[in-house]
Every structure is written in C-alpha cells, then in structure tokens.
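With the hints as your guide, set chain B onto chain A.
Each chain, written out:
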Amino acid sequence: MHHSKKPIYMVICCTLFASIAQILLKIGMLNPLPAVDAAHLSTLGDLIFALSRNLPLIVGFAFHGCNALLLILALKDGELSILWPIYALSYVWVALLSMHFFGDRMNVWKGAGIALIIVGVSLLGRASKRVEVLP
Amino acid sequence: MKTPISSMLLVICASVIGSFAAVFLKMGAAKLHDGIHNLISFKLALGCGLFLASSIPFLIAIKHGELSVLYPMVSFSYVLTLFWSKLFFNEPITSGKVGAIGVILCGLVCIGLGAQ
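Respectively, the protein sequence lines represent chains A and B.
Just so you know, we're using the working numbering here: the first sequence kicks off at 1 and counts up by one.
Just so you know, we're using the working numbering here: the second sequence kicks off at 1 and counts up by one.
It should be emphasised that the hints constitute simulated quantities derived from the structure, not laboratory data.
Mixed in with the good hints, there may be bad ones.
[Stated by the list, open to error] FRET-style restraints, in silico, Cβ to Cβ: (1) Leu52(B) x Leu30(A): 38 to 44 Å; (2) Pro92(B) x Met99(A): 36 to 42 Å; (3) His37(B) x Leu55(A): 33 to 39 Å; (4) Arg105(A) x Ala45(B): 25 to 31 Å; (5) Asp34(B) x Arg53(A): 39 to 45 Å.
Only a predicted model underlies this, so the values are computations on that prediction, with no experimental measurement involved.
From the three backbone atoms N, C-alpha and C, an ideal C-beta is built for every residue, glycine too.
This is chain B alone, in the form it adopts within the complex:
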C-alpha cells in the first residue's frame, strides 16, 4: 500500500489539533492543585474534546496509508508543542530543545522520503 500525500497532510492536521489539546489539558491540569473538583472544567473538557477531534483526520488518514509511515508523523506535534509552550506558558526555548526538534524534523523528512 502506498501512502498518499493527502494522508500525510491529514496526520499533520491531526497533530496540530492534538498539540492544542495538550495546551488546554495543561491549563486545566494546573487548576487541579486548587482542588480535585476542578477535574470538571471547561479547559479539561476542551482538551479532551480536541484530542477526540484530532483522531478523526488521523483515522481517515490511516485508512489509505501505511501505518509505519503515518504513525511516526504524529511526532510533528512535539515540534508545535515547543512553540505553544513558549507562547502560552512562557517555557524557555533552549538550544537543546531546538536541536532535538531539528533531529525529529529530519526523521519526519526521512520517513516522508521512505513512503514513496
């Protein structure tokens, strides 16, 4: 089975949605320190909802492509998480993190090349 470019784009789309899910889960989880009743919160619900939403493009993608190509592409969400962490939580972007993201991106490009 060949992996169409459209499937790869769908997985990237799922990664974008999934990376936002992580942001909202983190925002919601931070409130848990104030009490376990915060488990039912808008942000946690939105995070879970976005996680479920991200599975829709992923499922459509794996219907037509190789799992050995598409599953590793989910790691694109790590790249986005680096930027969202800076933007929303002011976590520092260090040279170590940038290097690591660079290696992951090289890996993604290799897998894309291997899909042909």
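Next up, chain A with everything else stripped away, as it sits in the complex:
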C-alpha cells in the first residue's frame, strides 16, 4: 500500500484538466459549424475542415488526453477508493465554471444531484477494493 500523496495531487490535477476540457469543448461547439447534407459528401469535408480549425475544440480534446494519461498514472500507484471520490470533484468544477462562462443557473435539484453522484462514486470506490480503470 502506497501512502504517498502524489497520486492524490495528480488526480486533483486531473479534475482541473477534465473541467477545462469540458468548458473548451462547449465553447468550441458554440462556434457555428457547417450543416452536413447526406446527399453531398463534400459537405462532410467542409465539416471536417471546420472542426480541424476549431481551436477550443482541439485544445479541449488535448486536455482530455492529458487528463486520461495522468489519471492512468495516478491509478497505477494510488488506491481507487480514495482517488475516485476526488475525481468526482470535477462535477463541482464544471458546474461552477458553467455558471461563470455560460450563465448556467444553479438550483437545489442540481446541487443535490451533484452531491448524490459524488457520494455514490465515493461508495462505489469503497465497494471496489481492486483497482480498476473506469472511464
């Protein structure tokens, strides 16, 4: 059993990467994208070209990739029952960042829902003593 705090810091870092990725993906999707017409394959090319020039989307996916890599490294050395609940903090960051950037409104139901999911994930981590990588 490792008692190093390093995996904990790594997972906290992961939650930041994951939240920033979500915000960037949303910003990227708010940019206008060309519509795809199934009858004209060239419109699919236009969409792929537009996506390849959508910087927030690309950086968002890059953050996603960094998050996945760091999470795998953290889970390799750390205990799932401790790390998984910490990872669920990303739901809190995304909610706060969405309020700031997109004007999402918080309400009792949403707050309770996020709290319940974090409790559920914590219980799941506790119930699964073996280390397994979940998405």
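Only chain B this time, still in chain A's reference frame:
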C-alpha cells in the same frame, strides 16, 4: 439556456458507447502483462475508437444544453460498467456496489429535475 430532453438522451447514448469503450480497453490492457508490444492491438484500438465515437453524441448534446446538467449525466456509464464488469469479467456485483449505483441514479434523477 434550457436543456432539451434530446440532449440528455444523447449524453446517455454517449455513456453507453463509452462504457463499451472501457470494456475493450480493459480487455486490451489485460494483454499488456504479456508484453508491451500488445499496446498495438485490435481491442485497445477498438476501445480508443469507441471513446472517440462517444464524444460525437456528447458534443452534439452540449451544443444545445447546459453543461452543468449534461456533464454529470456521463456518470450513467458507471451504472452500465457494473453490469458489463459482471458479464465480461465476472466481477462480483456486491450489495455495496448496488447501493452506490442506486445513489448515483438518484443523483441523475435530481439533476434531470433541476434541468427544467
């Protein structure tokens, strides 16, 4: 911005695809013990492909809905992973896991109610 039901369904759809991605990644990762050359394998490639595929419905969903509603809904994949783990890897479904999944599902219902 209101979150349409269609966006929520798209996120659930993304979670289903994502949960299968995890299954194939796990199958592929198990082979890594035999040697690092197994890093290039059909199952790992399929897992990564499914992960990318799951991002398509998710991206379409967040275009029209609130991120504070849709992002937590991805946790539906934990519920599915419990069943796939039993089916594909014969991991036990314990009462602790069922309770935890129940709490997550209650949380998802709350977030759905909060989206109105």
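Hints and how they fare:
no.: 1; hint: Leu52(B) x Leu30(A): 38 to 44 Å; result: violated, 21 Å
no.: 2; hint: Pro92(B) x Met99(A): 36 to 42 Å; result: holds, 40 Å
no.: 3; hint: His37(B) x Leu55(A): 33 to 39 Å; result: holds, 36 Å
no.: 4; hint: Arg105(A) x Ala45(B): 25 to 31 Å; result: violated, 42 Å
no.: 5; hint: Asp34(B) x Arg53(A): 39 to 45 Å; result: holds, 42 Å
Checked against the numbered hints given earlier, the structure breaks hints 1 and 4 and satisfies all the rest.
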